Amino acid sequence: MPIFDATTLPTLVVSAISLIIVAYAIISVKRGRGFEIREIPGLKAIDEAVGRATEMGTPVVFTPGWGGDIQRPTTIASMNILSSVAEKTAEYDCRLIYPTHDPVIMAVAQEVVKEASLRAGYPDRYRADDIFYITSSQFGYAAAVDGLISRTKPASVFLLGTFEAESLIMAETGNSVGAIQIAGTDSTIQLAFFIVACDYTLIGEELFAASGYLSQNKSILSSVKAQDMIKILIALFIIVAIIWATIDSTSTWWRY
Amino acid sequence: MRTKIPLAICFLSGAIMFLQYFSRHPMAKTVYSGILDWWQIIFAFTLFVGVAAFIKNGVKSISRRNDAPYKAVSLAGLLLMPILALIGGVKFGSPFLWVFDNMQAPMQSTVFSLLAFFVASASFRGFRARTIPAAILLVSAVFVLLGRIPIADYITQSFSSAAFWIQDYPSMAARRAILIGIGLGSMTTALRVILGIERTYLQGER
Numbered sequence: 001m002p003i004f005d006a007t008t009l010p011t012l013v014v015s016a017i018s019l020i021i022v023a024y025a026i027i028s029v030k031r032g033r034g035f036e037i038r039e040i041p042g043l044k045a046i047d048e049a050v051g052r053a054t055e056m057g058t059p060v061v062f063t064p065g066w067g068g069d070i071q072r073p074t075t076i077a078s079m080n081i082l083s084s085v086a087e088k089t090a091e092y093d094c095r096l097i098y099p100t101h102d103p104v105i106m107a108v109a110q111e112v113v114k115e116a117s118l119r120a121g122y123p124d125r126y127r128a129d130d131i132f133y134i135t136s137s138q139f140g141y142a143a144a145v146d147g148l149i150s151r152t153k154p155a156s157v158f159l160l161g162t163f164e165a166e167s168l169i170m171a172e173t174g175n176s177v178g179a180i181q182i183a184g185t186d187s188t189i190q191l192a193f194f195i196v197a198c199d200y201t202l203i204g205e206e207l208f209a210a211s212g213y214l215s216q217n218k219s220i221l222s223s224v225k226a227q228d229m230i231k232i233l234i235a236l237f238i239i240v241a242i243i244w245a246t247i248d249s250t251s252t253w254w255r256y
Numbered sequence: 001m002r003t004k005i006p007l008a009i010c011f012l013s014g015a016i017m018f019l020q021y022f023s024r025h026p027m028a029k030t031v032y033s034g035i036l037d038w039w040q041i042i043f044a045f046t047l048f049v050g051v052a053a054f055i056k057n058g059v060k061s062i063s064r065r066n067d068a069p070y071k072a073v074s075l076a077g078l079l080l081m082p083i084l085a086l087i088g089g090v091k092f093g094s095p096f097l098w099v100f101d102n103m104q105a106p107m108q109s110t111v112f113s114l115l116a117f118f119v120a121s122a123s124f125r126g127f128r129a130r131t132i133p134a135a136i137l138l139v140s141a142v143f144v145l146l147g148r149i150p151i152a153d154y155i156t157q158s159f160s161s162a163a164f165w166i167q168d169y170p171s172m173a174a175r176r177a178i179l180i181g182i183g184l185g186s187m188t189t190a191l192r193v194i195l196g197i198e199r200t201y202l203q204g205e206r
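Read top to bottom, the protein sequences are chains A and B. Quick note: the first sequence uses the working numbering, first residue 1, plus one each step. Quick note: the second sequence uses the working numbering, first residue 1, plus one each step.
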């Protein structure tokens, strides 16, 4: 039995190129080269959202959606934003409610919020009971979060993570109570719902760039820069393939 | 040590899962399915933690009279369903299945059906032609909506062609651009976690 599966060669080549680019970006930063990220309105509005909730004396609701589990990059990206939001809520002494559909996410979120409260200098403001598991049922979860939003009337709602059909149900409920809403997900279908129902939407890679943007950690920023370099390569590849296919319509090498 | 051991485990697990994808060797598949089995076992145990936290939270809320009726109903449901399953089984005609079919399924359908009304209210707000991009969105949406209903075909076939064109070209191009960004973002996030650059999951350490 061969060790290497030859059909995965194109994936291996692309992965190797991506790894080299990420390594190059990290090394560049370590040698003193700085990278900057453009302003992302959705992330800039986090302060405003938490500040508004504090002034109004209402809680902040943060939901990671129903569709994902902890190993999804979207959930990990959402945890990075949760960390910053939790730091601010601890600083302003504002209540943060985090209902989840997955007990593993609940455990990780509790640790993230606990550490963020500690980092803010207010470990006593961490409330473990406000980060809780509801149900793994999609519409059971949607109904519970809707009920929570309707009863507590939060000033700010964060919808960041993996969402499916429940996205618009939650976003419209948040809209109906007048909450400022910041949303982001990796589903293009749900993004369309968020754009019409929420005040700020993190589109595409903005959600994944959040941790670098919020922490200004140079290593993380370098990986975001690497992401842009890979995107330029992909764009060049697409342009070459379009020209090639226009000249020689029988050629299919670019399909791999 | 408290940080290094989880980072090493994360790196090894990530590297193994990455490399096994490129191998046809039976051992790679065994490792892959073994890791997935372990994930299921860990998840099953964390479910106990989740349910325990749910019960604790519910009891505390009832004792503080905070959302007590809602918590009482959810706790009653949580306790009732396993009891019914243990007494009458889960076969056709059992009390468990009766409750599922006549209470849980209709309630879920009700929440799902709310989506129709929410789509209408969100569309009403989204389609206000206050700016040029909003006007373009409105016109495109009208063409797509008309192109998707049978009555429009009786008037002219153009609506259907326009709807397909909008969906297959401008809409698909925008969607693919977003998908490329999402794919690359997912990949670099995964790489950051595997290489130990991203450490939020380690009690928020960065």
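Simulated from the structure, these hints should not be mistaken for lab results. Just so we're clear, the structure is a prediction, and the values are computed from it rather than from any experiment. Any given hint might turn out to be false.
Here are the simulated lysine-lysine pairs, DSSO-like style, with alpha carbons at most 30 Å apart [what the hints assert, rightly or not]: (1) A:88 / B:56; (2) A:153 / B:91; (3) B:91 / A:114; (4) A:114 / B:29; (5) A:153 / B:60; (6) A:231 / A:218.
Pair by pair, the computed Cβ-Cβ distance ranges are [said to hold, decoys possible]: (7) B:66 / A:9: 43 to 53 Å; (8) B:35 / A:124: 31 to 41 Å; (9) A:27 / B:13: 39 to 49 Å; (10) B:106 / A:48: 22 to 32 Å; (11) A:27 / B:117: 47 to 57 Å; (12) A:189 / B:103: 40 to 50 Å; (13) B:117 / A:189: 13 to 23 Å; (14) B:172 / A:216: 30 to 40 Å; (15) B:43 / A:251: 43 to 53 Å.
According to the in silico footprint, chain A covers these stretches of chain B (three or more CB under 8 Å from chain A) [stated by the list, open to error]: (16) 94-102; (17) 177-190.
Don't be surprised by glycine CBs; every beta carbon is placed ideally from N, CA and C.
How the hints compare with the structure:
1. Annotation: proposed proximity of residue 88 of chain A to residue 56 of chain B holds, straight-line Cα distance about 27 Å (limit 30 Å).
2. Simply put, residue 153 of chain A and residue 91 of chain B have alpha-carbon atoms about 42 Å apart, too far for the 30 Å limit, and the pair is violated.
3. For the hint linking residue 91 of chain B to residue 114 of chain A, the alpha-carbon distance of about 44 Å lies beyond 30 Å, and the restraint is violated.
4. The hinted pair formed by residue 114 of chain A and residue 29 of chain B fails the criterion: a straight-line CA distance of about 38 Å is larger than 30 Å.
5. Annotation: proposed proximity of residue 153 of chain A to residue 60 of chain B holds, straight-line Cα distance about 21 Å (limit 30 Å).
6. Restraint check: the Cα-Cα separation between residue 231 of chain A and residue 218 of chain A comes to about 20 Å, which is no more than 30 Å; the hinted pair holds.
7. Distance hint for residue 66 of chain B and residue 9 of chain A: a CB-CB separation of about 59 Å, inconsistent with the stated range 43 to 53 Å.
8. A hinted range of 31 to 41 Å holds for the C-beta pair residue 35 of chain B and residue 124 of chain A, which are about 39 Å apart.
9. Checked against the hint of 39 to 49 Å, the pair residue 27 of chain A and residue 13 of chain B fails, with Cβ atoms roughly 25 Å apart.
10. Separated by about 41 Å at the C-beta atoms, residue 106 of chain B and residue 48 of chain A break the suggested range of 22 to 32 Å.
11. Take residue 27 of chain A and residue 117 of chain B: their Cβ atoms lie about 54 Å apart, and the range 47 to 57 Å holds.
12. Distance hint for residue 189 of chain A and residue 103 of chain B: a CB-CB separation of about 30 Å, inconsistent with the stated range 40 to 50 Å.
13. Taking 13 to 23 Å as the suggested C-beta distance range, the pair residue 117 of chain B and residue 189 of chain A conforms, at roughly 18 Å.
14. For residue 172 of chain B and residue 216 of chain A, the hinted distance range of 30 to 40 Å is satisfied, since their beta carbons lie about 36 Å from each other.
15. Against the hinted window of 43 to 53 Å, the Cβ-Cβ separation of residue 43 of chain B and residue 251 of chain A comes to about 47 Å, which satisfies the hint.
16. Counting residues of the region 94-102 of chain B whose C-beta lies closer than 8 Å to any C-beta of chain A gives 0; at least three are required, and the coverage claim is violated.
17. For the region 177-190 of chain B, the proposed coverage by chain A is satisfied: 13 residues have a C-beta within less than 8 Å of a C-beta in that chain, meeting the threshold of three.
When the structure is compared with the earlier hints, violations turn up for hints 2, 3, 4, 7, 9, 10, 12, 16 and for no others.
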